[in-house]
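All chains, please: the whole structure from these sequences, using the hints.
If you're matching them up, the sequences are chains W and Y in order.
Per my numbering: the first sequence = residues 133 to 390.
Per my numbering: the second sequence = residues 427 to 699.
None of these hints come from the bench; they were simulated from the model.
Where a beta carbon is used, it is the ideal one built from N, C-alpha and C, also for glycine.
Please note: incorrect hints may appear among the correct ones.
[What the hints assert, rightly or not] Beta-carbon label-pair distances, calculated as ranges:
| # | chain 1 | residue 1 | chain 2 | residue 2 | range |
| --- | --- | --- | --- | --- | --- |
| 1 | Y | Asn-474 | W | Asn-249 | 18 to 24 Å |
| 2 | Y | Cys-628 | W | Ser-277 | 45 to 51 Å |
| 3 | Y | Asp-438 | W | Glu-368 | 50 to 56 Å |
| 4 | Y | Arg-448 | W | Ser-148 | 23 to 29 Å |
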Amino acid sequence: MARKIDNPIFELKGISKSFDRRNYILKDFNLDIERGKSTVIIGPSGCGKTVTLKIMTTLMRPNSGEVLFNGERIDNLSESKLIDIRKRTGFLFQSGALFDSQSVAYNVAFPLYMHTNKSETEIMKIVKEKLELVGLADTMDRYPSQLSGGQQKRIALARAISLEPEVVFYDEPTTGLDPLRTDAISKLIARMQEHLNITSIVVTHDMKSAYTIADRIIMLDKGDIIADGDSSLIKESHNPVVQSFVTGDIGNADDYII
Amino acid sequence: MIVDRIGYLISDFLIDLGSFSRFSAKVFFALFYHKRQGRFKHTWQRLNRQMFDIGIKSLPVVMITGAFIAMTLAVQSYSQLHNLGLADRMGGLINGSVVNELGPVLTAFMLAGRVGGALTAELGTMKVTEQIDAISAMGSDPVCYLVLPRLIACVLLTPLLTIYADLMGVIGGSLISIYHYGINSEAYWRFSADIVERWDVCLGISKGLFFGSAIALISCYNGFNCGQGARGVGKACTEAFVRSFVAILAINFVIALVSRAIYSSFWTLKSVI
Numbered sequence: 133m134a135r136k137i138d139n140p141i142f143e144l145k146g147i148s149k150s151f152d153r154r155n156y157i158l159k160d161f162n163l164d165i166e167r168g169k170s171t172v173i174i175g176p177s178g179c180g181k182t183v184t185l186k187i188m189t190t191l192m193r194p195n196s197g198e199v200l201f202n203g204e205r206i207d208n209l210s211e212s213k214l215i216d217i218r219k220r221t222g223f224l225f226q227s228g229a230l231f232d233s234q235s236v237a238y239n240v241a242f243p244l245y246m247h248t249n250k251s252e253t254e255i256m257k258i259v260k261e262k263l264e265l266v267g268l269a270d271t272m273d274r275y276p277s278q279l280s281g282g283q284q285k286r287i288a289l290a291r292a293i294s295l296e297p298e299v300v301f302y303d304e305p306t307t308g309l310d311p312l313r314t315d316a317i318s319k320l321i322a323r324m325q326e327h328l329n330i331t332s333i334v335v336t337h338d339m340k341s342a343y344t345i346a347d348r349i350i351m352l353d354k355g356d357i358i359a360d361g362d363s364s365l366i367k368e369s370h371n372p373v374v375q376s377f378v379t380g381d382i383g384n385a386d387d388y389i390i
Numbered sequence: 427m428i429v430d431r432i433g434y435l436i437s438d439f440l441i442d443l444g445s446f447s448r449f450s451a452k453v454f455f456a457l458f459y460h461k462r463q464g465r466f467k468h469t470w471q472r473l474n475r476q477m478f479d480i481g482i483k484s485l486p487v488v489m490i491t492g493a494f495i496a497m498t499l500a501v502q503s504y505s506q507l508h509n510l511g512l513a514d515r516m517g518g519l520i521n522g523s524v525v526n527e528l529g530p531v532l533t534a535f536m537l538a539g540r541v542g543g544a545l546t547a548e549l550g551t552m553k554v555t556e557q558i559d560a561i562s563a564m565g566s567d568p569v570c571y572l573v574l575p576r577l578i579a580c581v582l583l584t585p586l587l588t589i590y591a592d593l594m595g596v597i598g599g600s601l602i603s604i605y606h607y608g609i610n611s612e613a614y615w616r617f618s619a620d621i622v623e624r625w626d627v628c629l630g631i632s633k634g635l636f637f638g639s640a641i642a643l644i645s646c647y648n649g650f651n652c653g654q655g656a657r658g659v660g661k662a663c664t665e666a667f668v669r670s671f672v673a674i675l676a677i678n679f680v681i682a683l684v685s686r687a688i689y690s691s692f693w694t695l696k697s698v699i
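Take a look at the structure:
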């Protein structure tokens, strides 16, 4: 049910993934990601959203199938050959995954230290710019544990965009945040998209956030795409599973949730 | 049923051993062929920090261990040697044991507990909170960034810490023997010099290189492969501790066999050479 896209930035072709070789999380899965747009992948917990994201970033390798980035196959590359590709992508982890023993400034500067030959002054200037972009320029000398969950997500976002990547992956960016912070992060992601003209791939189960961010929404269920379109198409979908998910109303289908 | 269980245990052990060997090979490959990541200043800062944590902070506990074990050995051996009229020879016994076995092995045990546990817990927590994945996602090699500084610090500092443990053992043993039991000081040191050769000192210290590598590799491997949650980190720490202990004892045994063979083949010819 996945749409075919012209000149996609990412292509997943016939991907299968299982952790025990018996139960497949994804089986013969195909997906194209549009260049320069925000694609949001939604679906219930355990449907394979995060696995799809991690396969795209090659943090997880598929059992079979191909992952293509800008038309080049990347799932079979060694870790050292993936460095150049990973420099062109940013990843916002569900937990933020900030280095808790390092300052905010070091966290945001980490990719710059690793992949550029810029001076300390230049790096700190970039760090400040990125932190200003996420509205936390005054936290440079603080440590992640001294920040709230929402602030940590914003710092992680600043780190993900510090090398000005072509693509940013967001794994449940609003999980665990209160409604106001959820809205703030969603708007921030949408703003990043406009400002930096990047391709965003977001995994979430928060529908309000998905509507704010998405140019295109894909719904997964049990490893299959059951809906693919813009926000209005998802809202008007006649598929009962899609409807119950987007409205948050389980109706009589409680066995589906449980 | 029992055969099944034994079969599973053996296959789990072999899978784990294979996985550990791959990890070790990756670490050694990274040590010699890695593309330097990050500026030198930060590489040195990371190594410096590890050396401080592993070396300087372990120094008191290692020195105390060396002193107490030699003093206890002096107390235990005096009663037996005194009855045989061989108390003067205690120096050789105490210093030989300390320099050859007790100093290096107990230093390694202390480091496995103090440093190994901390390494596993730190890396395990980083694994559970996706910080290790984040390093990969940012195009860096977690082995280069996290394991190499810890391995280098352990390998370089375990022999140095062994020297301190030996030193305190020699001092502690001599204080108890000479000042507490009144053994003739000249005889004590002469018999020590007769028994403890340069070979023993070098062998004891060089054991630290192997013990240090084993502690760092096992601890980092367990941290990188720890299970989910606080329970996973705790389990990884316990396993790292036990495995390091067993590895230290096994390596010590192998070194004893190999060194004895080398010693009997070459060292006895030193007067001829």
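Hint check:
no. : hint                                : in the structure
1   : Y/Asn-474 <-> W/Asn-249: 18 to 24 Å : holds, 22 Å
2   : Y/Cys-628 <-> W/Ser-277: 45 to 51 Å : holds, 46 Å
3   : Y/Asp-438 <-> W/Glu-368: 50 to 56 Å : holds, 52 Å
4   : Y/Arg-448 <-> W/Ser-148: 23 to 29 Å : holds, 24 Å
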